[in-house]
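Novice: Construct all of the structure, not just a fragment, from the sequences and the given hints.
In order, the protein sequence lines correspond to chains P and X.
If you number the first sequence the way my numbering does, the last residue is 859 and the count never jumps.
If you number the second sequence the way my numbering does, the last residue is 658 and the count never jumps.
Source of the hints: derived by calculation from the structure; they are not laboratory data.
Please read these numbers as outputs of a predicted model, since none were measured by experiment.
Incorrect hints may appear among the rest.
As the list claims (entries may be wrong) - A partial selection of chain P residues facing chain X, derived with a Cβ cut-off under 10 Å:
1. Tyr563
2. Gly586
3. Ser681
As the list claims (entries may be wrong) - Beyond 12 Å from chain P on every Cβ pair, some chain X residues (computed):
4. Ser191
5. Gln213
6. Pro215
7. Asn218
8. Ile221
9. Leu312
10. Arg315
11. Gly367
12. Val391
13. Lys407
14. Arg462
15. Tyr556
16. Asp573
17. Ala582
18. Lys585
19. Ile643
Glycine included, every Cβ here is placed at the ideal spot set by N, Cα and C.
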Amino acid sequence: MSDTSHTSSPGFAGTPFSRRLFLERGLTLASMAATVPQFIQQSALGMLMSTPYSGNGVPTDRILVIVQLGGGNDGLNTVIPYGDAAYYNARPSLGIGAPGSGAGRALELDQQRGIGLHPNLTGLKSLLDDGCASVIQGVGYPNPNRSHFTSMDIWQTARTDGQGNGWLGRYFDNTCNGTPLPEGSIAIGRNAPLALVGDIQKPIAFESADLFRWLGEDLHASLKQPYDAINRAGALEGTGAGTQTSFLMRTALDAQVASERIRSAVARAPLAPFPNSDLARQLRTISAMIRDEMTTRVYYATMSGFDTHAGQGGPHGNLMQQLGDALRAFQNDLTAQGNDGRVLTLCFSEFGRRVRQNASGGTDHGTAAPLFLVGPMVRSGVFSEHPSLVDLDQGDLKFTVDFRSIYAGILADWLKAPADAILEGTFRKAALFRPGV
Amino acid sequence: MAPPPLRPLPAAKFDYWKAHHLLHRAGFGGAPEDVRSLANLGLDKAVDAFIEPAAPGAQAPLWNADIMRPPTPAEAQAAQEARRMNDEAALEQIQRERQRREGLDREQMRAAQTWWLTRMIETSRPLEEKMTLFWHGHCATGYRTIEDSYHMIAQNELFRRHALGNVADLMFAIIRDPAMLEYLDNDENRRQRPNENLARELMELFVLGEGNGYSERDIKEGARALTGFTFDDDAFVFRANDHDATPKMLFGKRGNWSGDDLVRFLLEKPVASEFLCWKLFRYFVNDAPGDPTADGRAFVRALAKQLRDGRYELKPVLRTMFRSAYFYDAVNAAAVIKSPMQLIVQAVRSYRTPVRSMSALVSAADLMGQSLFQPPSVKGWDGGRAWINTSTLFVRQNVLIYLLTGRRPQQYDWPVTDDAYDARHLIADVKAGATQTEGEPPPAFLDAEQVARFLLRFSLAARPHQSRVDALSAFLRQNDGAAENDRLIAALALISAMPEFQLC
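Specialist: As structure tokens, this is what we get:
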């Protein structure tokens, strides 16, 4: 599919989904047209007609979902090196027992290497059993920074100084031919994560779809109609092209269209049940938008609470349960939609935690940790070596995989984008996917 | 005589709407009666009211300077001992104490955010606050990096002290400012191991602009000139031992240069004055992207010359700018996109809405991309169109709904307030016929269209599009039976949702 088929052919003969979208959305367009025929803008048409084209060779139907675990997830109690006595020495009360009978024991992952999963990660375990998840151990970066903010900035910018735009913002900037994609990236949350911010591309961010709209309409029914007329008019007649005013009028129209789309997408019931947690709610929202064939390439979900300095056992267990179950439900829903093959999920945290537990039954900020990839396209299994538990750097694990080589693999092989240019350097591309991806 | 690009507006042309323009650009706006008083002063006195305000600045609160103070010798020794003995309990205790202090410090930073926003809303010296905000974005320092609220607050006081002062003095002060020294790692800049961060940003961001008349060599030599500029607790110190006192080659001149010499050399370059005047132009006059017009270029060049010739004194330059015919030209009406601070403060000052909840406003500003004391990077805020995207646009619309009505969506954590808002003062001037532009007759009677036209003109910073006037008049007529105040508030809700409302 190329964009010329959309712009030059009035029949929108491209893919079946754009035809269907036109039939559905065309009604909205028509109702707008009745009130303000001459003002309909290119940008809104672009969104309604769904022309997800950008640079040459960049696939338009592949989606990346990021799940960010905020606070520093305890990697050692997530992927458990039960075969290593040093683990139990360092974690006399927090250590999780080797797989076996009885409650609270690790789930078997790799018996030969003595690696298990947190007992509550049943959801992730079943994804691994289905061959559609991978665990990559020991992921970090040189000269680790133990500040939440700085380390998160480093992960989000893919730069060790944590400065500049986000890596996914740069992905869009590098592939979008100078024009932002109106709904290219969406973050669920109050603030847009730095990872999605580019010079050209800016993310849409909302905490819940119901907030992504004008509140004034709740005040009095008589406000709705004039509000819509004002904000759906696009650039008014006589407004000079390229002026501040026309820029604002076009953005306002984009916002209305995106708001309506997102809220109508999210209003539909999912095809598979989701558990009751905040992450599950976010992934359910994302799944609904994917189902609605939005042109969004990158979605961002965030889970917090991983900064477990004290009494970590119970709370961390709950987080593990929520995480695994939400990922499993998300995958089930995508599979029921038939979209699972289009969606890769990356789950990371800004750092792991100190090997030795502290005196408060918790763990302090650490360094390297495992990350997860989910989707039927990934090479499933456990990859790379677990860092040594005795050869430490100031009490912390030494990373074995630079996270930027994971990004390089995702950019090059999944998003088919120029990884070196985006990452501003060359990182050995990790082989993350099945052959043929 | 001012050169042609800086020619002042003829005094007789300074009418109600010119005063409105001045009040919203040089300050954060004001109610119709404030506009009227300003118009009555005449151009020169009106501009002077911003440059030389009569009222003194409000006293700042007493902040706690010691939350993040360095450890005392005894504390340092105890910590060293605990580490040596591997005394886990003691180390744990030290860590807890540090975490407690960090928590207190974040609280003080939040209090300072609220304090500054309140100050912008209440000040009778609005240009001073607006320039303080300008410098905060120009010589940006972020709290998250330095984690010392008192240093951020002290830097804010520094910006306020020099807000309308001399640029050279400000630059001499900023290379001695603990927050800046820490943010740009100059506390690590030593003779044996120079750190280029401050020298680079001084050239690239503070004084010359990226790529404007300096080389990598100048950065390296400039960094050497700045070695030893550091701080101890809350005060600047010059550590002679860490300073590289050997000759340096700066901009082709050889000598034993210091940090102050570096600042002097930078400001001697004509490009320095042009760089700063461009930023002032974008901040106060027009921030449309793309190449400026020939008039705009001539205006900035002439301003820059005045800045240089006046040895970097800001007041004369700002006075010239706010008196100039070009500042009031139609091309510069509604040409600046409001920053989140401008949006909030202007709404409160111009409409006189209740402030509702100061912490809700701080959090709304954060959602709109402007967190005070936390600019996104050393580049500060990009401003202009970078403020606007589909997400921030809804927050911008919704924070106005909140100010006007006290309502908020369920999931925002803004407290609902029912402080009454009386909007009727807004149309007093139009009723009295005080708002007429030269040559237009006063209205014979007040009807929906006149109210609509006035509220739009007052809110949108330029003559409104006829379709807006039609829509708003129709709305007002349709709701003829409602109480006048409710109708006005609803009209303001609609106006504030107009895309053009984001312009100033």
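Novice: For every hint, state whether the structure bears it out.
Specialist: Each hint tested on the structure:
no. : hint   : result
1   : Tyr563 : violated (18 Å)
2   : Gly586 : holds (7 Å)
3   : Ser681 : holds (7 Å)
4   : Ser191 : holds (29 Å)
5   : Gln213 : holds (33 Å)
6   : Pro215 : holds (27 Å)
7   : Asn218 : holds (22 Å)
8   : Ile221 : holds (18 Å)
9   : Leu312 : holds (24 Å)
10  : Arg315 : holds (29 Å)
11  : Gly367 : holds (24 Å)
12  : Val391 : holds (26 Å)
13  : Lys407 : holds (32 Å)
14  : Arg462 : holds (30 Å)
15  : Tyr556 : violated (8 Å)
16  : Asp573 : holds (16 Å)
17  : Ala582 : holds (24 Å)
18  : Lys585 : holds (24 Å)
19  : Ile643 : violated (9 Å)
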